[in-house]
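Chemist: Keeping their order, the protein sequence lines are chains A and B. Numbering-wise, the working numbering puts 136 at position 136 of the first sequence, and it's gapless, one number per residue. Numbering-wise, the working numbering puts 190 at position 190 of the second sequence, and it's gapless, one number per residue.
Treat the hints as calculated values from the structure; they're not laboratory data. It should be emphasised that the depicted structure is a prediction, and the values quoted were computed from it without experimental measurement. Some hints could be false.
As the list claims (entries may be wrong) - Lysine to any residue pairs mimicking SDA-like chemistry, simulated, CA-CA at most 25 Å apart: (1) Lys-251(B) <-> Gly-56(A); (2) Lys-30(A) <-> Leu-7(B); (3) Lys-287(B) <-> Glu-273(B); (4) Lys-88(A) <-> Glu-281(B); (5) Lys-251(B) <-> Leu-59(A); (6) Lys-371(B) <-> Glu-63(A); (7) Lys-30(A) <-> Gln-141(B); (8) Lys-251(B) <-> Glu-342(B); (9) Lys-366(B) <-> Glu-63(A); (10) Lys-195(B) <-> Glu-3(B); (11) Lys-18(B) <-> His-158(A); (12) Lys-366(B) <-> Ser-37(A); (13) Lys-30(A) <-> Gly-2(B); (14) Lys-237(B) <-> Asn-198(B); (15) Lys-162(A) <-> His-39(B); (16) Lys-30(A) <-> Glu-3(B); (17) Lys-18(B) <-> Pro-192(B); (18) Lys-371(B) <-> Asp-65(A).
Given next are the chains, with one letter for each unit.
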Amino acid sequence: MLEVRLHGRGGQGAVTSAELVAEAAINEGKYAQAFPSFGPERRGAPVRAFIRVDDGPILLRNEIDEPDVVLVLDPTLIRVVNVTEGLKKGGIVILNTSKSIAEIKKEYGITAKVATVNATRIATENLGRPIANTTMMGALIKVTSVIAIESLQEAFGHRFGKLGEKNYKSCQMAFGETVMEGR
Amino acid sequence: MGERVGLEVSIAAAEAVKMANVDVIAAYPITPQTHIVEHLAEVVADGELDAEFIPVESEHSAMSVCCGSSAVGARTFTCTSSQGLALMNEIVFITASMRLPVVMVLANRSLSGPLSIWNDHSDVMSIRDCGWIQVFVENGQEVFDHIMFAFRVAESQKVSLPLIVNVDGFILTHVIEPVEFWDAETVKNYLPPFKPVNRLHPDNPVTMGAFGMPGIYTETRKAQDSALIEAKPEILKAWQEMADLTGRHYKPVESYHAEGAETLFLTMGSIGETVSVAVDELRAEGKSVGQLSLRLWRPFPFEEFRQAAAGAKRIIVLDRAVSMGGQGGPVATEIRSVLYKEKNMPVVTNFLCGLAGRDVTVEDYKAMFEKASKMSKRRVREEDYILYGVRE
Numbered sequence: 001m002l003e004v005r006l007h008g009r010g011g012q013g014a015v016t017s018a019e020l021v022a023e024a025a026i027n028e029g030k031y032a033q034a035f036p037s038f039g040p041e042r043r044g045a046p047v048r049a050f051i052r053v054d055d056g057p058i059l060l061r062n063e064i065d066e067p068d069v070v071l072v073l074d075p076t077l078i079r080v081v082n083v084t085e086g087l088k089k090g091g092i093v094i095l096n097t098s099k100s101i102a103e104i105k106k107e108y109g110i111t112a113k114v115a116t117v118n119a120t121r122i123a124t125e126n127l128g129r130p131i132a133n134t135t136m137m138g139a140l141i142k143v144t145s146v147i148a149i150e151s152l153q154e155a156f157g158h159r160f161g162k163l164g165e166k167n168y169k170s171c172q173m174a175f176g177e178t179v180m181e182g183r
Numbered sequence: 001m002g003e004r005v006g007l008e009v010s011i012a013a014a015e016a017v018k019m020a021n022v023d024v025i026a027a028y029p030i031t032p033q034t035h036i037v038e039h040l041a042e043v044v045a046d047g048e049l050d051a052e053f054i055p056v057e058s059e060h061s062a063m064s065v066c067c068g069s070s071a072v073g074a075r076t077f078t079c080t081s082s083q084g085l086a087l088m089n090e091i092v093f094i095t096a097s098m099r100l101p102v103v104m105v106l107a108n109r110s111l112s113g114p115l116s117i118w119n120d121h122s123d124v125m126s127i128r129d130c131g132w133i134q135v136f137v138e139n140g141q142e143v144f145d146h147i148m149f150a151f152r153v154a155e156s157q158k159v160s161l162p163l164i165v166n167v168d169g170f171i172l173t174h175v176i177e178p179v180e181f182w183d184a185e186t187v188k189n190y191l192p193p194f195k196p197v198n199r200l201h202p203d204n205p206v207t208m209g210a211f212g213m214p215g216i217y218t219e220t221r222k223a224q225d226s227a228l229i230e231a232k233p234e235i236l237k238a239w240q241e242m243a244d245l246t247g248r249h250y251k252p253v254e255s256y257h258a259e260g261a262e263t264l265f266l267t268m269g270s271i272g273e274t275v276s277v278a279v280d281e282l283r284a285e286g287k288s289v290g291q292l293s294l295r296l297w298r299p300f301p302f303e304e305f306r307q308a309a310a311g312a313k314r315i316i317v318l319d320r321a322v323s324m325g326g327q328g329g330p331v332a333t334e335i336r337s338v339l340y341k342e343k344n345m346p347v348v349t350n351f352l353c354g355l356a357g358r359d360v361t362v363e364d365y366k367a368m369f370e371k372a373s374k375m376s377k378r379r380v381r382e383e384d385y386i387l388y389g390v391r392e
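Take these sequences, add in the hints, and give me the full structure.
Modeler: This is the structure in structure tokens:
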């Protein structure tokens, strides 16, 4: 089972992107769960969302305390939230940043493995807005191979209609540009 | 069968209500029930469902509308949570005494105060004695299936009682997961049109909700209690026929590795699946442990429960509500009573956990097992209930 925790701010679409990955995984015939950290939703406040994907039925219904992967949509969160909390040994943090892996690890003292992609830039180029949620899913797939990237095309189309294609293109670009430590 | 879809459980619930082809929906929005009624309002507005969606100004009115519509023979649905249920409380009891087969999804949420929107079972336990059939579900598939089941059982002429499907708020309502839909043919085979025993109609006047003097009240209560108890064969039949159609078997008391186990967890609702993971891990460590999940809460399945629990030395009852000033949680209190006359009555150890959405993990359930194992073997002591994880 793969367990992912997403960190974003209210309004950035962390929950939506988690839902889309789960929907795509289920369409592939896998089992998946996506859910928010339940609570009052406030634009701009730190929020978390969770994804579980497995080949068989998923029975756990508690929050993910020990994720395999942490994905951070908004780099300013790293100062506010301990994003690596509970990360499994050998787990990886995927960051939306313009900085290099070495720079970001030094700046924030992250000892876990890191992957980076400048998703804000890619999203702005493709969508005209710095909303990086769907774009970051390209990075998630690059790092984890949890689903085929093509599976997101249908999920995006289903959710965003005509804008689905632009989101998918942005996601594909992030897939291509994601840099992973140790690979 | 129908398609396997990844979607939010609330949307699956609303789609099931749509497929059941309801005539009237009356509801007032309240977290975490909102997505269910929002989606139903949408499908009615979009013409996908030919029904009256009656937006009301309160839950008290919602249930009052439901009574009226059900009384004229309309298939009727409502949905609420917590304070909403508290506000409709008066009419909830009346719906049952009038034998009106309204179906309610209760997105379980803690009762205030302090104000909380999160999940536990304090709302449903506040209406334990309301006379409705009450079932609990563990996942999105069970939600979908039990909405079909609900209309089928409630409207059966042998039953004619309202039914609550308890769905844990957020933990189920707000989760995306796979759900296998039923196809239209299966729905049609399973769920006949609603033909009420009696209905309000100007051509054939009847009295519903009459005044009950001391000379008749006791008899009506007896009749109502009997009706609820006698609903069980229809409930079992509806589950059997669903198994025939879908391959999914539901029982009043679900057992998991229970046979021969010295210790049994007893769960209700969505914690059941997480507990089953703890049971697997404890068994792998060589512990003699199993699990019972109570699906049917009212009418209480006495025989099934005693059989499923037979041979156990200890039952760890996981309650999701506090019976203030009483002996722990409402479920454990009842389980002790159910088992009281049994030979070798098991010790009932009561943990109250997951109040107002506090996360309970596999490790927590394992810790409860360890703690229970070290506790006295005496039958009932006041200190046998533990508010798990409480900071004092």
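Chemist: Now tell me if each hint is right for this structure.
Modeler: So, going through the hints one by one against the coordinates:
no.: 1; hint: Lys-251(B) <-> Gly-56(A); result: holds (23 Å)
no.: 2; hint: Lys-30(A) <-> Leu-7(B); result: holds (13 Å)
no.: 3; hint: Lys-287(B) <-> Glu-273(B); result: holds (19 Å)
no.: 4; hint: Lys-88(A) <-> Glu-281(B); result: holds (19 Å)
no.: 5; hint: Lys-251(B) <-> Leu-59(A); result: holds (19 Å)
no.: 6; hint: Lys-371(B) <-> Glu-63(A); result: holds (23 Å)
no.: 7; hint: Lys-30(A) <-> Gln-141(B); result: holds (15 Å)
no.: 8; hint: Lys-251(B) <-> Glu-342(B); result: holds (22 Å)
no.: 9; hint: Lys-366(B) <-> Glu-63(A); result: holds (17 Å)
no.: 10; hint: Lys-195(B) <-> Glu-3(B); result: violated (30 Å)
no.: 11; hint: Lys-18(B) <-> His-158(A); result: holds (21 Å)
no.: 12; hint: Lys-366(B) <-> Ser-37(A); result: holds (24 Å)
no.: 13; hint: Lys-30(A) <-> Gly-2(B); result: holds (17 Å)
no.: 14; hint: Lys-237(B) <-> Asn-198(B); result: holds (23 Å)
no.: 15; hint: Lys-162(A) <-> His-39(B); result: holds (22 Å)
no.: 16; hint: Lys-30(A) <-> Glu-3(B); result: holds (14 Å)
no.: 17; hint: Lys-18(B) <-> Pro-192(B); result: holds (15 Å)
no.: 18; hint: Lys-371(B) <-> Asp-65(A); result: holds (23 Å)
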